[in-house]
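Chemist: Here is how the chains run, residue by residue.
There are 2 protein chains.
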Amino acid sequence: MQKTPKSLRLHIALFGRTNVGKSSFLNLIAGQDVSIVSEQAGTTTDVVEKPMELLPIGPVVFLDTAGIDDATALGEKRIDRTGRVFDRADVILLLHEGSEITAFETSVIKKAEEKEIPVVHIANKVDLFPVGATCMSPVQCNSCDFSSRDSVLAALKAELINVCPDEFLTPPPLIGDLVKPGGLAMLIVPIDLQAPKGRLILPQVSTIRDALDHDAATLVCKEREYAHMLSMLNRKPDVAICDSQMVLKMVADTPPEIPCTTFSILFARLKGDLRKFAMGAAAIDRLEPGDKVLIAESCSHHALEDDIGRVKIPRWLRQYVGIDLEVDVYAGHDFPDNLSEYKLAVQCGGCMQNRREVLSRIEKCEAAGVPITNYGLCIAQTQGVLRRVLSPFPAALAAYDEVTK
Amino acid sequence: MQKTPKSLRLHIALFGRTNVGKSSFLNLIAGQDVSIVSEQAGTTTDVVEKPMELLPIGPVVFLDTAGIDDATALGEKRIDRTGRVFDRADVILLLHEGSEITAFETSVIKKAEEKEIPVVHIANKVDLFPVGATCMSPVQCNSCDFSSRDSVLAALKAELINVCPDEFLTPPPLIGDLVKPGGLAMLIVPIDLQAPKGRLILPQVSTIRDALDHDAATLVCKEREYAHMLSMLNRKPDVAICDSQMVLKMVADTPPEIPCTTFSILFARLKGDLRKFAMGAAAIDRLEPGDKVLIAESCSHHALEDDIGRVKIPRWLRQYVGIDLEVDVYAGHDFPDNLSEYKLAVQCGGCMQNRREVLSRIEKCEAAGVPITNYGLCIAQTQGVLRRVLSPFPAALAAYDEVTK
Numbered sequence: 001m002q003k004t005p006k007s008l009r010l011h012i013a014l015f016g017r018t019n020v021g022k023s024s025f026l027n028l029i030a031g032q033d034v035s036i037v038s039e040q041a042g043t044t045t046d047v048v049e050k051p052m053e054l055l056p057i058g059p060v061v062f063l064d065t066a067g068i069d070d071a072t073a074l075g076e077k078r079i080d081r082t083g084r085v086f087d088r089a090d091v092i093l094l095l096h097e098g099s100e101i102t103a104f105e106t107s108v109i110k111k112a113e114e115k116e117i118p119v120v121h122i123a124n125k126v127d128l129f130p131v132g133a134t135c136m137s138p139v140q141c142n143s144c145d146f147s148s149r150d151s152v153l154a155a156l157k158a159e160l161i162n163v164c165p166d167e168f169l170t171p172p173p174l175i176g177d178l179v180k181p182g183g184l185a186m187l188i189v190p191i192d193l194q195a196p197k198g199r200l201i202l203p204q205v206s207t208i209r210d211a212l213d214h215d216a217a218t219l220v221c222k223e224r225e226y227a228h229m230l231s232m233l234n235r236k237p238d239v240a241i242c243d244s245q246m247v248l249k250m251v252a253d254t255p256p257e258i259p260c261t262t263f264s265i266l267f268a269r270l271k272g273d274l275r276k277f278a279m280g281a282a283a284i285d286r287l288e289p290g291d292k293v294l295i296a297e298s299c300s301h302h303a304l305e306d307d308i309g310r311v312k313i314p315r316w317l318r319q320y321v322g323i324d325l326e327v328d329v330y331a332g333h334d335f336p337d338n339l340s341e342y343k344l345a346v347q348c349g350g351c352m353q354n355r356r357e358v359l360s361r362i363e364k365c366e367a368a369g370v371p372i373t374n375y376g377l378c379i380a381q382t383q384g385v386l387r388r389v390l391s392p393f394p395a396a397l398a399a400y401d402e403v404t405k
Numbered sequence: 001m002q003k004t005p006k007s008l009r010l011h012i013a014l015f016g017r018t019n020v021g022k023s024s025f026l027n028l029i030a031g032q033d034v035s036i037v038s039e040q041a042g043t044t045t046d047v048v049e050k051p052m053e054l055l056p057i058g059p060v061v062f063l064d065t066a067g068i069d070d071a072t073a074l075g076e077k078r079i080d081r082t083g084r085v086f087d088r089a090d091v092i093l094l095l096h097e098g099s100e101i102t103a104f105e106t107s108v109i110k111k112a113e114e115k116e117i118p119v120v121h122i123a124n125k126v127d128l129f130p131v132g133a134t135c136m137s138p139v140q141c142n143s144c145d146f147s148s149r150d151s152v153l154a155a156l157k158a159e160l161i162n163v164c165p166d167e168f169l170t171p172p173p174l175i176g177d178l179v180k181p182g183g184l185a186m187l188i189v190p191i192d193l194q195a196p197k198g199r200l201i202l203p204q205v206s207t208i209r210d211a212l213d214h215d216a217a218t219l220v221c222k223e224r225e226y227a228h229m230l231s232m233l234n235r236k237p238d239v240a241i242c243d244s245q246m247v248l249k250m251v252a253d254t255p256p257e258i259p260c261t262t263f264s265i266l267f268a269r270l271k272g273d274l275r276k277f278a279m280g281a282a283a284i285d286r287l288e289p290g291d292k293v294l295i296a297e298s299c300s301h302h303a304l305e306d307d308i309g310r311v312k313i314p315r316w317l318r319q320y321v322g323i324d325l326e327v328d329v330y331a332g333h334d335f336p337d338n339l340s341e342y343k344l345a346v347q348c349g350g351c352m353q354n355r356r357e358v359l360s361r362i363e364k365c366e367a368a369g370v371p372i373t374n375y376g377l378c379i380a381q382t383q384g385v386l387r388r389v390l391s392p393f394p395a396a397l398a399a400y401d402e403v404t405k
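Residue numbers (full-length UniProt numbering), protein chains in the order written: chain A, 1 to 405; chain B, 1 to 405.
So here's chain A without its partners, still in its complex pose (with noise of 0.2 Å):
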């Protein structure tokens, strides 16, 4: 079953004194969501490895130094031992004694800035902050109940999601798994083009040029010559996408064994989490009358007139619900600390965002329980046709017919 190679899977060295909760730790993150596929007893460096996916990053491989930290200090001699470890490890992860911190933390912490490894801090909540307890700083420390796995996978999740190396972030193809090689997509555009003149937007760009990466072609129209295109062509196209905006036009005018999505739904998944995204637009049945919606819009650009996340998003969800809401919007790398009071955020494309800032704040809506979704696929929810935008993705669909049944 462990089928992707170790070295595509995120290493994360767990350190941690005797009785900080290192077990109760791994065993609780190994809940229904992770799965732990093998353990291999470590026959020369006192380390088990114990493999596991763990999404939104995928595979990672927990190396667990049970056997070689049982002492309250690092002498040189566990160095040694260790450092085979710290020669593996992509990612360091120190458990602490609520914001106790001993010679054996300072040792990892001081070895792992040697080797260039970040650190990622999770302290049992209980002792975090004792009356008169001496701040940790610089250590930052994220605090976890670790009686409530929620509060341990999301804590986790979060930290590793800053510190991780790139390639571990590694999103799905843009387009290049719906079209075959010697295949063709087919990509509608606004007739209003919203990019400067004798320019595209990036979204569109980088969708001609995947598919190209994946020996497909695309053919770029307008929607009122859509039909007309379609009409020309004497074998059926892989998939259509569409802007957005007219995703109502592209579905009434699309035969319905031809698959079609929008642009903004491609980059749900590729910058963030389609399956997540599918189940908070799910969540927009559930809003009710003075609910809060977050809407956070990574471009900086000039609100427009008619803005897509400023006017017609909330017009769309007030239409939809038939109630009203209240509507905050975060736009550039803004968003709050405090989500408690939102009923669901709703999330640009996020095409000039990376991966990393996207699934960061994925999992700070889910630590604080707020459904969160993209723009294409809250338009695609208001507007009813969110089942046949989702159909080139069978596990978001089923996800999201999981949660609407």
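These aren't lab readings, by the way, just hints derived from the structure by calculation. A couple of the hints might just be wrong.
[What the hints assert, rightly or not] Only part of the chain B face toward chain A is listed, based on derived beta-carbon distances under 10 Å:
1. A195
2. S206
3. A211
4. T218
5. I258
6. M352
[Said to hold, decoys possible] For lysine-lysine, the following DSSO-like pairs were computed, each having C-alpha atoms within a straight-line distance of at most 30 Å:
7. B/K405 <-> B/K312
8. B/K236 <-> A/K197
9. A/K364 <-> A/K50
10. A/K236 <-> B/K249
11. B/K249 <-> A/K180
[Said to hold, decoys possible] Chain A is nowhere near these chain B residues, computed Cβ spacing over 12 Å in every case:
12. R84
13. A103
14. I117
15. F146
16. P196
17. L202
18. L212
19. M279
20. E288
21. L325
22. K405
Treat the numbers as computed from the prediction; the structure is a model and nothing was measured. Note that the Cβ used here is the ideal one computed from N, Cα and C, for glycine as well.
Let chain A serve as the given structure and place chain B on it in line with the hints.
Modeler: Okay, now just chain B, sitting in the frame of chain A:
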């Protein structure tokens, strides 16, 4: 015949003292290439309007002030009478008598400065730098021999291109006139995509956008998929466009009834003068051993191992003419002042340059009697397919046939 509305003509007010040669000047440039369309006697302005076609700028109208400038100074009364000329002029053309600056020239320059109208200075060559003459700085005159039409025209055009407002250098459409509304252009891009990951190079993006702006579609594919994509269509595309480096394969794969050309040739028209570039390409066949060729590469990109300007074009040129050639490469905005040693200049597509700069280079080459062409035309000529890829452009093809017959 005067079909262009006057407001779209470049208005050039012609000033100069009596006997400086205004009439000779106008008569000279109104030669075979430049037709005086009509003359209208000024009734209220004392100005005669002389519309002409002055390529590459296009329609211009000279405001001939012969009736009001027959004095050595521009007195108060005269300023009133010429005020309306200054209100209408896009450019002032001031003819100088050698290096002499009298109160008349000073008045014209001052008035032009007040109105923020650019001034083109042309001086009769004969007296330009008489021994002991005072330097005319800061006024720089372009000197020309009034007995030589080529000299006058080249000097005038070079200066007009430099100073005229942007809108008078408006290019033809990139591809919009080669596709019908609802039509389709095939775009064939290299398998070794040169653009950074996730991007397309500017000529491709601009072409897709221009087709959309003209209600047409583009089918973007790699050269390996091109024939297959043609077979997926049940109607002919309007045109096929390829990267210059695969022009032979495109011509081989394109049925004769489908017009085809290259991105570089589209840009030769957009940024330069396709007719002149076509005539310049014909000069390749007249190169002789040891001739020097100037290659002007506008992108200051890092030279690749098999760089198109530095390696491939020199190699293809030498292979085609079967003799050795000396090749100089100028990059970025560099362009030699002394062109006389060159037998041919080859300009890149110029997608990063403005039209003013490329047109200016063409005029400099023409003034120096150096044929100039561009990368796309040069490559097509050395591959033996130039007539085929000029077929969408009848005027350029006719000019090429005229000089090669």
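Chemist: List in ascending order the numbers of the hints, as given earlier, that are violated by the structure.
Modeler: Hint check: 5, 6, 16, 17 and 18 fail, others pass.
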